[in-house]
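Dock the two chains into a complex; use the hints.
So the sequence lines, in the order shown, correspond to chains A and B. When you line the first sequence up against the numbering used here, it's residues 1 to 578, in that order. When you line the second sequence up against the numbering used here, it's residues 579 to 943, in that order.
These aren't lab readings, by the way, just hints derived from the structure by calculation. All values reported here derive from a predicted model rather than from experimental measurement. Warning: the hint list may mix true and false statements.
[Unchecked claim] If we take Cβ atoms under 8 Å as the criterion, some of the chain A residues that face chain B in the derived model are:
#, residue
1, I16
2, K475
3, Y478
4, Y482
5, I511
[To be verified] Mimicking DSSO-like on lysine-lysine, the simulated pairs with C-alpha atoms at most 30 Å apart in a straight line are:
#, chain 1, residue 1, chain 2, residue 2
6, B, K630, B, K869
7, A, K235, A, K275
8, B, K603, A, K501
9, A, K491, B, K606
10, B, K678, A, K502
11, A, K503, B, K592
12, B, K606, A, K475
13, B, K601, A, K502
14, A, K503, B, K897
15, B, K729, B, K670
[What the hints assert, rightly or not] Label pairs and their computed distance ranges (CB to CB):
#, chain 1, residue 1, chain 2, residue 2, range
16, B, N679, A, E480, 15 to 23 Å
17, B, E687, A, D530, 51 to 59 Å
18, A, E443, B, T641, 48 to 56 Å
Backbone N, C-alpha and C define an ideal beta-carbon position, used for all residues, glycine too.
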Amino acid sequence: MIQKSAEELAKKQREISIAEFFEKNRHLLGFDNPRRSLLTAIKEAVDNALDACEEARILPEINVEIIQLGETRFRVIIEDNGPGIIKKQLPNIFAKLLYGSKFHKLSATRGQQGIGISAAVLYGQLTTGKPATIISKTGPDKTAHEFKLKIDTQNNKPQILGDEEKEWEGKDHGTKIEIDMEANYIKGRQSVDEYIKETAIVNPHCTIIYTNPEANQIIFPRATEELPPEPKEIKPHPYGVELGVLIKMLETTSATTLQQFLITEFVRVGAGTAKDICENSALLPKTKPKQLGREMAEKLYKGIQKTKIIAPPTDCISPIGDELLEKGLRKEINAEFYCSITRPASVYRGNPFVIEAALAYGGEQEKESTIRILRFANRVPLLYQQGACAITNAIQNTSWKSYGLQQSKTSLPSGPCTIIIHMSSVWVPFTSESKEALAHYPEIIKEIKLALQECGRKLASYVNKRKRIGEEAKKRSYIEKYIPHVAEALKEIIGFDEIEKKKIEDNLCEILEHTRGELEEISVDNPDYDPELAKIGQEEEDDEYQDEEKKEDKYINDAEEKEESNSKKKKPGQQTLI
Amino acid sequence: MAKKKENNVVLNLKNIAQGIYNKIKLQKQPQLEMPIRALSNVSYDEREGYFKILEKFKLRTLTASTIKTFAQTLKMMGLSKNLIETNDIATKREAYYVSKNWGDARFKEQPESDTVMDDVEAMMMVNREQIGFIPEEKGGDVAGKLIVIDKDQDTGKEIKIDCTKFGSGAYSVPSSVEELKFDTNAKFILAIETAGMFQRLVKHNYWKSANCILISMGGVPTRACRRFIRKLADECKLPVYVFTDGDPYGFGSIYRTLKVGSGNAAHINEFFCVPQAQFIGITPQDIVDYKLPTHPLKEVDLKKIKDLIKNDPFIQHHKPWQKALQEMAKMKVRAEQQALAKHGLNFVISDYLPDKLKNNKTWLP
Numbered sequence: 001m002i003q004k005s006a007e008e009l010a011k012k013q014r015e016i017s018i019a020e021f022f023e024k025n026r027h028l029l030g031f032d033n034p035r036r037s038l039l040t041a042i043k044e045a046v047d048n049a050l051d052a053c054e055e056a057r058i059l060p061e062i063n064v065e066i067i068q069l070g071e072t073r074f075r076v077i078i079e080d081n082g083p084g085i086i087k088k089q090l091p092n093i094f095a096k097l098l099y100g101s102k103f104h105k106l107s108a109t110r111g112q113q114g115i116g117i118s119a120a121v122l123y124g125q126l127t128t129g130k131p132a133t134i135i136s137k138t139g140p141d142k143t144a145h146e147f148k149l150k151i152d153t154q155n156n157k158p159q160i161l162g163d164e165e166k167e168w169e170g171k172d173h174g175t176k177i178e179i180d181m182e183a184n185y186i187k188g189r190q191s192v193d194e195y196i197k198e199t200a201i202v203n204p205h206c207t208i209i210y211t212n213p214e215a216n217q218i219i220f221p222r223a224t225e226e227l228p229p230e231p232k233e234i235k236p237h238p239y240g241v242e243l244g245v246l247i248k249m250l251e252t253t254s255a256t257t258l259q260q261f262l263i264t265e266f267v268r269v270g271a272g273t274a275k276d277i278c279e280n281s282a283l284l285p286k287t288k289p290k291q292l293g294r295e296m297a298e299k300l301y302k303g304i305q306k307t308k309i310i311a312p313p314t315d316c317i318s319p320i321g322d323e324l325l326e327k328g329l330r331k332e333i334n335a336e337f338y339c340s341i342t343r344p345a346s347v348y349r350g351n352p353f354v355i356e357a358a359l360a361y362g363g364e365q366e367k368e369s370t371i372r373i374l375r376f377a378n379r380v381p382l383l384y385q386q387g388a389c390a391i392t393n394a395i396q397n398t399s400w401k402s403y404g405l406q407q408s409k410t411s412l413p414s415g416p417c418t419i420i421i422h423m424s425s426v427w428v429p430f431t432s433e434s435k436e437a438l439a440h441y442p443e444i445i446k447e448i449k450l451a452l453q454e455c456g457r458k459l460a461s462y463v464n465k466r467k468r469i470g471e472e473a474k475k476r477s478y479i480e481k482y483i484p485h486v487a488e489a490l491k492e493i494i495g496f497d498e499i500e501k502k503k504i505e506d507n508l509c510e511i512l513e514h515t516r517g518e519l520e521e522i523s524v525d526n527p528d529y530d531p532e533l534a535k536i537g538q539e540e541e542d543d544e545y546q547d548e549e550k551k552e553d554k555y556i557n558d559a560e561e562k563e564e565s566n567s568k569k570k571k572p573g574q575q576t577l578i
Numbered sequence: 579m580a581k582k583k584e585n586n587v588v589l590n591l592k593n594i595a596q597g598i599y600n601k602i603k604l605q606k607q608p609q610l611e612m613p614i615r616a617l618s619n620v621s622y623d624e625r626e627g628y629f630k631i632l633e634k635f636k637l638r639t640l641t642a643s644t645i646k647t648f649a650q651t652l653k654m655m656g657l658s659k660n661l662i663e664t665n666d667i668a669t670k671r672e673a674y675y676v677s678k679n680w681g682d683a684r685f686k687e688q689p690e691s692d693t694v695m696d697d698v699e700a701m702m703m704v705n706r707e708q709i710g711f712i713p714e715e716k717g718g719d720v721a722g723k724l725i726v727i728d729k730d731q732d733t734g735k736e737i738k739i740d741c742t743k744f745g746s747g748a749y750s751v752p753s754s755v756e757e758l759k760f761d762t763n764a765k766f767i768l769a770i771e772t773a774g775m776f777q778r779l780v781k782h783n784y785w786k787s788a789n790c791i792l793i794s795m796g797g798v799p800t801r802a803c804r805r806f807i808r809k810l811a812d813e814c815k816l817p818v819y820v821f822t823d824g825d826p827y828g829f830g831s832i833y834r835t836l837k838v839g840s841g842n843a844a845h846i847n848e849f850f851c852v853p854q855a856q857f858i859g860i861t862p863q864d865i866v867d868y869k870l871p872t873h874p875l876k877e878v879d880l881k882k883i884k885d886l887i888k889n890d891p892f893i894q895h896h897k898p899w900q901k902a903l904q905e906m907a908k909m910k911v912r913a914e915q916q917a918l919a920k921h922g923l924n925f926v927i928s929d930y931l932p933d934k935l936k937n938n939k940t941w942l943p
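This is chain B alone, in the form it adopts within the complex (with noise of 0.2 Å):
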């Protein structure tokens, strides 16, 4: 992030806590503006690939019932200003903490200050990066044929450092990945949904056979994974391919929030996004293909579903995708990854991957 950029929110921060401090001079009831951050307020733009913010916010006028939360934006506006000028930066969790100093005014649980700093986020239109927070969760793991090209912390000198090189293990992707650069010849990035699987394909280096890149994603991926492979595949062109559970959590939260994005981070989808991913599996059809082992669908999962077809933006623009979840509630069962396993550990590597990779016509968009 350029110096420049940073200045612009401390400035940004001011003006607000100025406009403010005018309309409580003027004895007029002050209000804070922040744009909503929910599906409702997001569509999705076709072209670019990601949900974009749409014009609603919500103003938080001063009153006895909001002065709580008020109070609590505005310190945390402080805390951010500081952070910035001091060049230094919290976790979330840090940030509750410190709001402990804050007497009456402190988060009883990290949750509160969680959304109170996601608020201050989006009233800035700006990644929490930049107002000085840091996510404490992991990026995710990657493997295969990929060299990492980082800084040595305390002498900024260049590393490199070589994905296929971590064994059985992997490298852990950065809470930041904007100063990172990459080197690779790989034909594809493949998303993976579970550790579990990720740790099979890595055991059998399955990069090596498929020439790509392996990345564990750990459920929905956090903002640093998205970045790390939207940056990925933008900078060195490749394909990413995401291969998740075959149920509605699978489809709508991780490679929907993967592709184009969230409701809750509306305001900075467009810089964590993937536009380019493909679901590979598992669908619904592969469920029935594959004769795959199944767990009856929960009420949440059928409500899940409802829901989806009815609320996401994102399914509601593509048919397939309607078409596939309207099926899984018919078929009222879901699948797992593991569940692959049925026709020998590693069916997967042998058969399965490699088939579904061949024929596109099997893939959801």
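So that you can see chain A by itself, here it is in the shape it has in the complex (with noise of 0.2 Å):
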């Protein structure tokens, strides 16, 4: 055996780009199959544009539109009508790893790490070799610009093809991206369809326009003129903060004393509570940040955990609210019974979020099967990997046979019921970056599971009520059904006319009637519902398709496995990558 030398081993180390990195390892951002890399582009397009008209507040419009280009290739255009983004700006959004606005701040976006779309660029350059399109317009007196932007892997930089002025007829302000791919256009629960219109549901002051590759356009038109409130930014909390990003807050701080630095740089530290802090820490409140090391700060931090700090404030998140939730389940669904509810702000690692639940219970739906589960973080749906999901667990964990379902030990529940559950934070701790599971934190699953709880009693109650009504009405018809006979038998032995009987019977109804009451009524009313929605996404599956998702879904799920088994060491949901 020939040894080799360390020098010569060096020559083949050498640094790695974040683009080269997810070449390689796409499927961490959700292109692994063709079918997914579809909904996942298009998701991460609608996302920002979403994030966009928000934030620039402006009520959103978007088209989204799918061409099939050839068997196994698709063209999706995404456009909106937000701000638009200035030409400098632009290559470095769409064709920049990591670069974005979200990533340094904590506000309920949906967006966060500036990873999505040009990543979306990136898999429609692997696997057509085309460069995608974007134009973009900020004004209507502005004239718009368009480029042709690929990836350079290598260095993780913009590659511009085409950079040209062009008129944008009859667009005041917006942005537009064409990106070829490789895809695969399948309808069902993990489908486009599906997504657009979860999205649109848990949206309700967005119009949709959506044209899949069948050519057939459908329009979700906004149910409400209300923007959400906008999301405020808030800084950190000193409880969510750990000890490599204070020591990199001391360096870069423009305070000049410790007291000043905990009261600027975190939210909800006055003067009292620094001066706490320092005590805690044995540190003097006059100490120049930057003069602290590696082991006064970790004193600092230590010093932080023993101190009590008020939580977070939680104005900054702006939950759906669960009237609208439930509005939206009622389109979906037509059920008997529907109830929402809306957790108060609760905190995990210093960071604020706010759980919503909505359920709907009988009327059309399947009464045997596994319930339905709708999954959405910061108004965004999740489709894939809802095993992985904390809102899964907790829905496991949760005892729904006192409320009405079937369920075997920790497992989903069964019966006629789906459940909607919306969590809403500055920063939603995903287990990946394909971002399609929440993270297993404690204090997210005890809120969901409270929320569960409490639309839970409600359906207890209405079950019982049900089945109540149900034995009511059983009861009733028994009594009809004999009181005849008791009036024949009479006339048999005492003998008397068809006119005395019916008179005997209408007293008998009288009687026992009276013994019981007025009987209660329950009807299924829900004008908002819409089968028109409803059957969006519901179509069946190719079996074919079937088939092969099943084994494309055990792929995923080893690589999931892999990845949780790296994230466990490393603290799930912590997602700082490089």
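Rendered as structure tokens:
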């Protein structure tokens, strides 16, 4: 065996660009199979469009179009009426991974890291070799500019293939992106159709015009003219900061004393609390932040944990609201009973969050099968990785039997029921970059369970009422069945005429009904129900594909497991990737 | 039964129905009242020698949950009235089939219709023959020195049936025995639990040597069988000896019912009991004295013993019975009549019965 020297080995050691990393690990971003890739690309673009519109306080109108170019080749076009992007920033936003406005702030937006849309461009480039085309216009009197972009994966930099000024007729402002990619369009619960529909349900302020590859256009008109309140940006809460981040903050702060640093860089820290922290860390409030070494920083970190600090403000989160959530559910499902609740804000790792839940029971829903779960995070539907999600875990660990659903030990309950869970937070912890499953923080699971229990109690009282009424109705029909026999027998023994018999029957009715009181009624009356809407995403998937899907799902699960074991070492939801 | 009494039954039925009708007219919940038919509603009358019914009544108020039975009870009353008026009869099973005509009020199984029939019977405080129903069960077999005087069913002419002339067979007790008359010079009546033992005694003409009348009860004696023995014993002034298996069922169900009646038919025990009956065997003491082969008592047997001691007014009244039952519970065994065959097939005829009949100290009350 020939031994190799360290010098020789060093020739092969070099930096890996983030773009190269994702080129090889695209499943981490949700681009693992052709069907899911189509969804992920559209999802990333729609997320960005909605975020941009809301940030600019514009009522969003989004146009999504999928055109089939070949058997496995599709073009996706997403156009919004957002504020547009200035020329200088555009290439970085669409063709540089980890470039964005949302990573460094804490506010309830859909996008987080600045990976998604660039990853879609990268995926298109990898599978077709073609650049993405982006056109943007920032105002009625401005000219639009159009870019053709690729990503230079070695350097994670935009590669501009075309850059020209263009007239964009009839458009005041907005952005449109076109990407060609290898993909597969299949209907069903994990389809683009379903995603668009669910997005429309939880974003009632948004109009979506969707054209699928069959050239069917579906318009989801907005249900409210009111934009959700603007998400407020908050500073980090001391409890949510990790040591490494704390050290970096100490290095970069402009504050001159430790006390000032604590007051200005964190939320919920005033002069008093800052003093307490210093005391608990055995550090002088007057210390210069830049002079604190690693050991002192660790003391500070421990001091923070020892100090009682008020929970972060929660007005920075904009939940959908239980009413709107229930309304959305009513559109989608024709049930007998609906309920919804919005939990008070809570905190995990220093990040405030709100859980909302809605539930639909009975009606036209399947009675025997497992309940349907609709998961949302910051108004984005989550269609994949249901099994890995904290929401699923919370549902499984809630005892549904007492609420009137069937459930074998810690599995998903079954019954005619659909549950919506929405988590909104300044930072939603996902188990992976493809953002499909919530991480299992105990605080989050607890809140979801509380929301479910609250809905469950309402459900139980409805189910019991329905049972009671059912039994009562049965009893009444029972009474009605036997009244004529009582009258008939009396007639046989005493011997009276038919008229008298009728009178006796009437009297018996009176006597028996009188002792039972009025019969309550249950009716299914849901004027909001939209059968056309409900049909979307419910189409059967091709059998052939389902097998393939299962195989691929398995592959995904394997990938997730590996990923999970990695992230366990890191702590779930910690998303710094470089 | 006298015609007048039957009319009384119809009148009674009409009165009850009228009462219900009146209540309904007043928009009040009607009720049916009937005596409780259970051991808890009887007391042992030592002087009369049978289970007398007490004053406990149950009320069946018309509500959603009782309306079906309520309707069925009324229908059954209607059927009864109809039967009496047309001078017809129906067996329990026939009544059950008649109900199939009642639409939703029909009975699903015969036990349901039997219970309702018993309720009507108790409500009227009469025997079910008087309300037009007869049991289809056999009354029991008779052999020995007895002439039964019956009537020809067509001509009404008197027929004399000599119970010594059935060879290896036997005379069968009819379901209604009220019209029968008897002629006998026998010394006693021997009532036997099992058909097997009866066969052996008939085969060897035991009745001839012992000068007696043999009656096979075939388990718990039917009403007809009880009434037959009672009538025969009363009219011919004969003692009645009872010979059953040595087990709690033989003591508590067969002998007890024959002698003092049952809880279920509490309202008619007066006529359907044989207070003069005496228990000659097999007693727990016999098992020891005759070294009989035994079977272990099962859980149900022990429970039955406990139940008898605790709840049966007849057993409670008789110390010797309590002692015997307790002894059996201690021995934890039972013995069948046929177990006597251990000492030879005819040991029962040659030794056991003569010994027992001679020595009334070995009997139980």
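A quick look at each hint next to the structure:
Taking 8 Å as the C-beta cut-off, the interface hint given for I16 (chain A) is violated, the closest approach to chain B being about 79 Å. A distance limit of 8 Å between C-beta atoms decides the matter here; for K475 (chain A) the minimum to chain B is near 5 Å, and the interface restraint holds. Checking Y478 (chain A) against chain B: minimum C-beta separation of about 6 Å stays under 8 Å; hint holds. A least Cβ separation of about 4 Å between Y482 (chain A) and chain B falls short of the 8 Å threshold, and the interface hint therefore holds.
For I511 (chain A), the suggested interface contact is upheld, since its CB lies about 6 Å from the closest CB of chain B, less than 8 Å. Distance check on the hinted pair: K630 (chain B) and K869 (chain B) sit about 39 Å apart at the alpha-carbon level, beyond 30 Å; violated. Between K235 (chain A) and K275 (chain A), the direct Cα distance comes to roughly 19 Å. Compliance with the 30 Å bound is thereby established for this hinted pair. With a C-alpha separation of about 11 Å, the suggested pairing of K603 (chain B) with K501 (chain A) holds against the 30 Å cut-off.
Proximity of K491 (chain A) to K606 (chain B) is assessed by CA-CA distance (about 18 Å); at most 30 Å being required, the pair is judged to hold. With a CA separation close to 24 Å, the supplied pair K678 (chain B) and K502 (chain A) stays within the 30 Å bound. Under the criterion of a C-alpha separation no larger than 30 Å, the hint pairing K503 (chain A) with K592 (chain B) is consistent with the structure, at around 19 Å. Annotation: proposed proximity of K606 (chain B) to K475 (chain A) holds, straight-line Cα distance about 20 Å (limit 30 Å).
Under the criterion of a C-alpha separation no larger than 30 Å, the hint pairing K601 (chain B) with K502 (chain A) is consistent with the structure, at around 16 Å. Restraint check: the Cα-Cα separation between K503 (chain A) and K897 (chain B) comes to about 60 Å, which exceeds 30 Å; the hinted pair is violated. A C-alpha spacing of about 24 Å is found between K729 (chain B) and K670 (chain B), which places the hinted pair at or below 30 Å, so the restraint holds. Take N679 (chain B) and E480 (chain A): their Cβ atoms lie about 20 Å apart, and the range 15 to 23 Å holds.
Roughly 53 Å separates the CB atoms of E687 (chain B) and D530 (chain A), a value that falls within the hinted 51 to 59 Å. For the hinted restraint 48 to 56 Å between E443 (chain A) and T641 (chain B), the CB-CB distance of approximately 54 Å keeps it satisfied.
Hints 1, 6, 14 from the list above are not met by this structure, while the remaining hints are.
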